[in-house]
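Sequences are here, hints too, so could you generate the full structure?
Protein chains in written order, with the working numbering: chain A, 1 to 257; chain D, 258 to 524.
Hints are computed from structural coordinates only; laboratory data are not their basis. Small disclaimer: the values here were computed from a predicted structure and weren't measured. Check the hints yourself; a few may be wrong.
Have a look at the derived ranges for each label pair, beta carbon to beta carbon [unchecked claim]:
no., chain 1, residue 1, chain 2, residue 2, range
1, A, 143, D, 368, 48 to 56 angstroms
2, A, 234, D, 398, 22 to 30 angstroms
3, D, 301, A, 9, 52 to 60 angstroms
4, A, 46, D, 361, 27 to 35 angstroms
5, A, 22, D, 302, 48 to 56 angstroms
6, A, 116, D, 459, 44 to 52 angstroms
7, D, 398, A, 157, 55 to 63 angstroms
8, A, 143, D, 385, 43 to 51 angstroms
9, D, 398, A, 71, 49 to 57 angstroms
For glycine and all other residues, C-beta sits at the position ideal for the given N, C-alpha and C.
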Amino acid sequence: MAQDSPPECLACHTTGYDAATHTWEEEGVGCSTCHEMGPNSTHHPEQVMPVNRSPEACGTCHVDTHEDWAMSKHGEEDLACVKCHNPHTAELKKENVQEVCIDCHNEESYFYAFTAHSQEGMICTDCHFQVSETPAGEGHGKLVHTFAVDLNNCNQCHEHQMHSTSSDAAFMGTMGTAMGGAEGEGVAGVTPCEALDTLQQARNDIVFPDQIDSNVLAPEPPSGLAPLSFVLPMVFGLALGIVVTPLAERAFRRVQI
Amino acid sequence: MGNQTLAGKTMKRRDFLKLSIAGLATTTIAATTMRNKASGPVGDSPHKWAMVIDQSKCNGCGYCVDACRACNDVAPDKAWTRLIAQEPEEERDVYLPVPCMQCADAPCVDICPVGASYYRPDGIVMMDYDKCIGCRYCELACPYHARSFNWKAFTEGNPAVPDWGQPEVARRPRGVVEKCAFCYQRIDRGLAMGLTPGVDEQATPACVVACPPGARVFGDLNDPESQVSQLLAGNCSYRLREDLGTEPRVYYLPVQAEEEAACHDNV
Numbered sequence: 001m002a003q004d005s006p007p008e009c010l011a012c013h014t015t016g017y018d019a020a021t022h023t024w025e026e027e028g029v030g031c032s033t034c035h036e037m038g039p040n041s042t043h044h045p046e047q048v049m050p051v052n053r054s055p056e057a058c059g060t061c062h063v064d065t066h067e068d069w070a071m072s073k074h075g076e077e078d079l080a081c082v083k084c085h086n087p088h089t090a091e092l093k094k095e096n097v098q099e100v101c102i103d104c105h106n107e108e109s110y111f112y113a114f115t116a117h118s119q120e121g122m123i124c125t126d127c128h129f130q131v132s133e134t135p136a137g138e139g140h141g142k143l144v145h146t147f148a149v150d151l152n153n154c155n156q157c158h159e160h161q162m163h164s165t166s167s168d169a170a171f172m173g174t175m176g177t178a179m180g181g182a183e184g185e186g187v188a189g190v191t192p193c194e195a196l197d198t199l200q201q202a203r204n205d206i207v208f209p210d211q212i213d214s215n216v217l218a219p220e221p222p223s224g225l226a227p228l229s230f231v232l233p234m235v236f237g238l239a240l241g242i243v244v245t246p247l248a249e250r251a252f253r254r255v256q257i
Numbered sequence: 258m259g260n261q262t263l264a265g266k267t268m269k270r271r272d273f274l275k276l277s278i279a280g281l282a283t284t285t286i287a288a289t290t291m292r293n294k295a296s297g298p299v300g301d302s303p304h305k306w307a308m309v310i311d312q313s314k315c316n317g318c319g320y321c322v323d324a325c326r327a328c329n330d331v332a333p334d335k336a337w338t339r340l341i342a343q344e345p346e347e348e349r350d351v352y353l354p355v356p357c358m359q360c361a362d363a364p365c366v367d368i369c370p371v372g373a374s375y376y377r378p379d380g381i382v383m384m385d386y387d388k389c390i391g392c393r394y395c396e397l398a399c400p401y402h403a404r405s406f407n408w409k410a411f412t413e414g415n416p417a418v419p420d421w422g423q424p425e426v427a428r429r430p431r432g433v434v435e436k437c438a439f440c441y442q443r444i445d446r447g448l449a450m451g452l453t454p455g456v457d458e459q460a461t462p463a464c465v466v467a468c469p470p471g472a473r474v475f476g477d478l479n480d481p482e483s484q485v486s487q488l489l490a491g492n493c494s495y496r497l498r499e500d501l502g503t504e505p506r507v508y509y510l511p512v513q514a515e516e517e518a519a520c521h522d523n524v
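What follows is the structure, given as structure tokens:
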């Protein structure tokens, strides 16, 4: 391996690393990282291969991500890594991150479509899945799995509006005018707090499905039987009668003396 | 003496007796050979599998459907477990995941003319795809629309594989009706390995394992310590179409248990 193989790297970048002897079974992440193998632990294929799918197993190498996750709401709810990630390819089970978010958080995505942020073309991950400013090393802990949004996220776009006077905010455009009163009036400089307030108000204004007049969307179907439902049985009855009646007559005439 | 008439032909009493006994014998033999599917689960399994689905947790992501498709090699045009969107309640969406109910008194088992649909001692309603003649009576009889017919053989690659799992059972041929079987293959191999279905992922149905919010719970009703038993004992639950008397084994915890009338007196 490159870069002089320091033990700190090898512990994760090899399979079956033995620190005492500085040896490893194979390079990269092999099968036995997660599947117990060997003559004493399993009788494959008679038994199915045992596997460790816990977040802790992933967390032995993906330390930063595991720590972020453990602090997040996902971690509290014990949403394991393998629910979203394919353990073998390490890719997501859907095309992109946005789809994965919306699969479970579909209600939030309904409201979000009506907000100014959405109009600007921003998606969930723009705010909720930040690139880490202090990753452990290149490629380590790059995307922050806390999914938390804090002031730094807002300030990536709205920094110039922090602590600015109302006239400055209006001059710089964006949220200043969007929140505004009539033209020419002083507009409150928009802080992130107020922006959140607007979002929550917008949520309150959304019409919920049960408020929609259902007759408009799906008029009631006409009730009662269709005329055709009488015609077909009549035809069948006629056919049966035409066939059966002569036979019955013949039978009865035989019995009667 | 003792002549009967039937449509003008005379018949001796002897012939009449012979005919009656033959008819009775045929009926008895038919009834006894059908006995294996005529009644509920018999047998000595210590397990009674059930599933509890918590609707307050289900967010309609559909991962259960994908995982089932992968692990049971189900074609993309059919779903063994269906996800139905119900009327939103109290400003939140409500979803109803519907697998096969594995009824204790299953209409599909009663109606199958060849006995392809049968009870396993642990309560799972199994399909013998070799016996199935594809008449689709069971598909019609099922009140939960849990069954689907194979109009064509599924020969293409399964798009759900490998992201959502690997196929664990054989593909069904064209012309048979297939359905969810509570991933009996996972349960059986898990039990053989000493694992506990419902607790250990490898012994638990794929839909239960895949559910991100943990809305689906699987376990043994005969075990009072199992999660399903405890959930049912402590919460208001209901089953679908209980009025039909099918005795389904899938219980639902409603989104909001407002009225006691909605709750079912369980287990």
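Against the structure, the hints:
Between residue 143 of chain A and residue 368 of chain D the CB atoms are about 54 angstroms apart, so this pair conforms to the stated range of 48 to 56 angstroms. Roughly 29 angstroms separates the CB atoms of residue 234 of chain A and residue 398 of chain D, a value that falls within the hinted 22 to 30 angstroms. Range check, residue 301 of chain D to residue 9 of chain A: Cβ separation about 56 angstroms, and the 52 to 60 angstroms hint holds. Between residue 46 of chain A and residue 361 of chain D the beta carbon distance is about 33 angstroms. The supplied range of 27 to 35 angstroms therefore holds.
For residue 22 of chain A and residue 302 of chain D, the Cβ-Cβ distance of about 53 angstroms falls inside the hinted range of 48 to 56 angstroms, so the restraint holds. A hinted range of 44 to 52 angstroms for the beta carbons of residue 116 of chain A and residue 459 of chain D is consistent with their spacing of about 47 angstroms. At about 59 angstroms, the beta-carbon gap between residue 398 of chain D and residue 157 of chain A stays in the expected band of 55 to 63 angstroms. Evaluation of the 43 to 51 angstroms hint for residue 143 of chain A and residue 385 of chain D yields a pass: the beta carbon distance comes to about 49 angstroms.
At about 51 angstroms, the CB distance of residue 398 of chain D to residue 71 of chain A agrees with the hint of 49 to 57 angstroms.
In the structure shown, no violation is registered for any of the earlier numbered hints.
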